[in-house]
Structure formats: structure tokens, C-alpha cells
Amino acid sequence: MSERSESTMDTAATTEPTASGPSRRTQLFVLGGLLVAVVLAGIVSFYASSDPDGLSKVSEDEGFAQSEKDHRLGDSPLADYSTKDVDNDRLSGGMAGVIGVGVTFVVAGGLTLLVRRRGQSSEASDDPAAAEVHRP
Amino acid sequence: MHVPDGFIDAPTSVAAGGVALVGVAACLRGARRELDERTAPLAGLVAAFVFSVQMLNFPVGAGTSGHLMGGALAAVLIGPWTGALAVSVVLGVQALLFADGGLSALGINIILMALITVLVGYTSFRLLMRVMPRRITSVPLAAGIAAFVSVPVAAAAFVGFYAIGGTSDVSIGAVASAMIGVHVLIGVGEGVITALTVGSVLAVRPDLVYGARDLLPKQQLELRRSSPEASS
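Protein chains in written order, with this note's numbering: chain A, 1 to 136; chain B, 1 to 232.
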């Protein structure tokens with residue numbers, strides 16, 4: 001209950017055009033979410049099914065699996081979600097997963113920052129319509 | 001459903017790459033208007049989360065597995081343009097770093113798993129929200145059903161690519177029924193994961209869910225849709 005009213009307050013606060021970035025609560029939320037992603041990719045993934053996925057299975061059953069070419073980066077250090085030279089399966093896959101989560105977060109987050117910075121006019125308008133007008 | 005190199009011929013793959021490029025460019029443009037104080041910090045997280053859940057293949061019977069695609073989930077959480085961008089980043093990272101999904105097939109994979117799932121998923125979500133009760137609890141349900149629908153449609157689109165540029169001489173009808181059949185099952189998993197995830201975020205921070213914005217009590221929430229809000 002109090003959570004709800006707090007969140008409305010937070011909404012009001014964060015919609016103000018500030019340059020200070022996300023609120024503390026939002027930062028905590030992102031951090032918590034990342035932790036979940038790290039646990040899923042780093043630990044839970046070990047227990048995922050290793051059966052072929054829908055497309056691979058269909059390609060085997062329907063007779064076009066042999067047309068698959070080896071991946072050109074198939075020898076890269078993280079190929080197939082295992083870390084090269086790490087023998088323990090659990091560790092090898094877990095490390096690959098955690099690295100993947102980190103890289104994806106940084107690339108997608110960075111891209112978002114860039115897009116947003118370009119989308120904003122110099123006076124950092126919060127109004128989408130205004131941002132539209134100011135777009136070069 | 002990561003398409004490896006070799007399934008689809010080069011001309012079709014190149015053409016798909018061009019279409020994907022235009023699509024991603026459109027998303028970059030669309031995301032400028034979508035990104036604000038609430039969606040921007042979340043975009044990286046949603047991409048990272050989709051990456052992690054894509055590692056969790058679940059069994060769908062008969063020695064087959066499937067995993068989340070995440071287009072509908074991302075669209076409901078951060079908006080369709082930003083969502084498609086986030087899933088495209090996931091697919092790029094997977095192809096370049098993890099040898100998952102072919103390099104020349106990257107365009108095809110972006111079309112299938114980022115652009116189509118978002119387009120179908122988000123459109124279905126909006127339509128469902130129009131007919132469902134205007135309650136916050138409708139959001140996870142609508143998101144789940146929309147996510148379910150998006151998966152067999154993406155599978156059908158793969159069959160379309162295969163009909164145009166498939167490298168083996170196999171029966172398209174048989175590929176179609178097999179692909180769509182198994183992806184209906186995978187879609188169930190997609191729907192459940194999407195509904196649970198959207199529901200969890202709504203429970204903690206309802207204000208951060210893009211698809212629930214016009215259901216939240218008043219405030220300075222900006223209306224993104226041109227249609228007037230239904231009076232309730």
C-alpha cells in the first residue's frame with residue numbers, strides 16, 4: 001500500500017526534467033534486476049535443457065540440418081556459451097553467461113544513452129512533442 | 001530459433017540484412033521519442049535480462065527445447081521501438097560473442113526475433129488491452145497472450161524466408177507445419193515467462209512498465225497515444 005503511494009511520488013519526481021539521471025529507487029531496481037539476470041545466466045542456465053531447439057529439431061526431422069555451416073566465430077573464446085580453457089562445465093557456462101549479461105547491459109544501455117542524448121534538444125526538454133520538433 | 005548460416009541462401013540473407021538495417025534505424029529514430037526518465041535506465045536491464053532468459057531452454061517434449069524470444073516482453077516493459085532495439089542488441093551479442101545465430105543470418109534473426117515479435121507482440125498487446133478490463137491486472141495477462149501469439153508468427157516468417165531462399169529441396173508445407181507446431185508449444189513458455197516477468201515488475205514498480213502507463217492513477221504521466229483515454 002505504502003509502496004504504491006511512494007511510487008506515485010517517485011513518478012512525480014522523476015518526470016521533472018532533471019539532468020541528475022534516474023532516481024535512487026530506480027537505480028536500486030536496475031541493480032536488483034541485473035542481479036536476477038546474473039543468477040539466471042550464471043547459475044540457473046546450467047540446468048537448462050540441452051535438447052535441440054525448435055528450429056534445430058525441425059531441420060533434423062525435415063532433412064535440412066546438413067545445410068548448416070559452421071559458425072565463422074565458432075572458435076571464439078565464448079563460443080556456444082562456454083568459456084575457453086575453463087574445464088569445469090558449470091564454471092565455464094556460468095562465466096560465459098555472466099559476461100554476456102554484462103556486455104549486453106553495457107551495449108544496450110550505452111546505445112540508449114547515445115540515442116537519448118541525440119534525441120534531446122540542448123535545453124533537455126521532457127516533452128516528446130518538443131523533442132520531435134527540435135530533432136535535426 | 002537462431003538461424004545459423006547455410007539454411008538460407010546468400011541473396012536472401014543480404015536482402016534480409018538490408019531490411020533489418022532499415023528496421024533498426026527506424027527503431028533508433030522511434031526510441032528517441034520513447035526514451036524518458038523511466039524507460040532509459042531500464043533499456044539496458046531489459047536487454048541483459050532477455051539475454052539471460054534466452055539461455056534457459058525449457059523442454060517442449062520429444063527431445064526438443066525452446067527459449068524466450070523476448071520481443072513482446074521488451075515492448076511491454078520499455079516500449080516497442082526501444083524494445084526491438086534491446087532484442088536486436090541481444091541477437092548481435094549472441095552472434096558475435098557466442099557464435100549463436102549465423103553472421104550472414106543476423107539480419108534474418110533480427111527480423112524474426114526482434115522486429116516481428118515486437119510488431120506482433122505489441123500490436124496484440126494493445127488490442128487485448130482494448131477489450132480487457134481497464135485494470136492493472138490485465139497487463140501481465142495481455143502481455144502473456146501477446147507473447148504467446150508472437151512466437152508461431154515468427155516461426156511462420158522463418159518458413160517464408162525458407163520458401164524464398166531455402167538451400168535444401170524440402171517440402172515447405174512439411175517445414176511449415178513442423179515449425180509452427182513446435183513453436184506453438186514454445187510460445188506457451190514465452191507467454192508464461194512474459195506474464196510472470198511483467199507481473200513481477202508491476203508488483204514492485206508499476207510506474208516503470210511502459211504498457212501500463214495509461215492505467216496508473218493520473219499524475220504527470222504523459223499520454224503517448226493519440227486516442228483519448230476512456231473515461232472510467
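Misleading hints may appear alongside valid ones.
Residues from chain A that face chain B, not an exhaustive set, calculated with beta carbons under 7 Å [said to hold, decoys possible]: (1) GLY33; (2) LEU35; (3) LEU40; (4) SER49; (5) GLY54; (6) LEU55; (7) ALA79; (8) SER82; (9) ASP87; (10) ARG90; (11) PHE105; (12) GLY119.
None of these hints come from the bench; they were simulated from the model. Backbone N, C-alpha and C fix where the C-beta goes; we use that ideal spot for every residue, glycine too.
Evaluation of the provided hints:
With a least beta-carbon distance of about 5 Å to chain B, the hint placing GLY33/A at the interface is held under the 7 Å criterion. Interface restraint check for LEU35/A: the shortest CB-CB distance to chain B comes to about 10 Å, outside 7 Å, so the restraint is violated. Checking LEU40/A against chain B by beta carbon gives a least distance of about 4 Å; that is within 7 Å, so the hint holds. Hint on SER49/A holds. Least Cβ distance to chain B is approximately 4 Å, under the 7 Å limit.
Using the Cβ-Cβ criterion of 7 Å, the hint placing GLY54/A at the interface with chain B is satisfied: the shortest such distance is roughly 4 Å. Residue-level restraint check for LEU55/A holds (minimum Cβ-Cβ distance to chain B is 5 Å; threshold 7 Å). Taken as an interface hint, ALA79/A checks out: its beta carbon lies about 4 Å from the nearest beta carbon of chain B, inside 7 Å. The interface hint given for SER82/A is broken, as the beta carbon of that residue sits about 9 Å from the closest beta carbon of chain B, more than 7 Å.
A distance limit of 7 Å between C-beta atoms decides the matter here; for ASP87/A the minimum to chain B is near 19 Å, and the interface restraint is violated. Annotation: ARG90/A was flagged as interfacial toward chain B, and the flag is violated, the nearest CB pair being 13 Å apart, outside 7 Å. Satisfaction of the interface hint for PHE105/A is found here, the shortest Cβ-Cβ separation to chain B being roughly 4 Å, below the 7 Å cut-off. Annotation: GLY119/A was flagged as interfacial toward chain B, and the flag holds, the nearest CB pair being 3 Å apart, inside 7 Å.
Against the hints set out earlier in the document, violations occur for numbers 2, 8, 9, 10.
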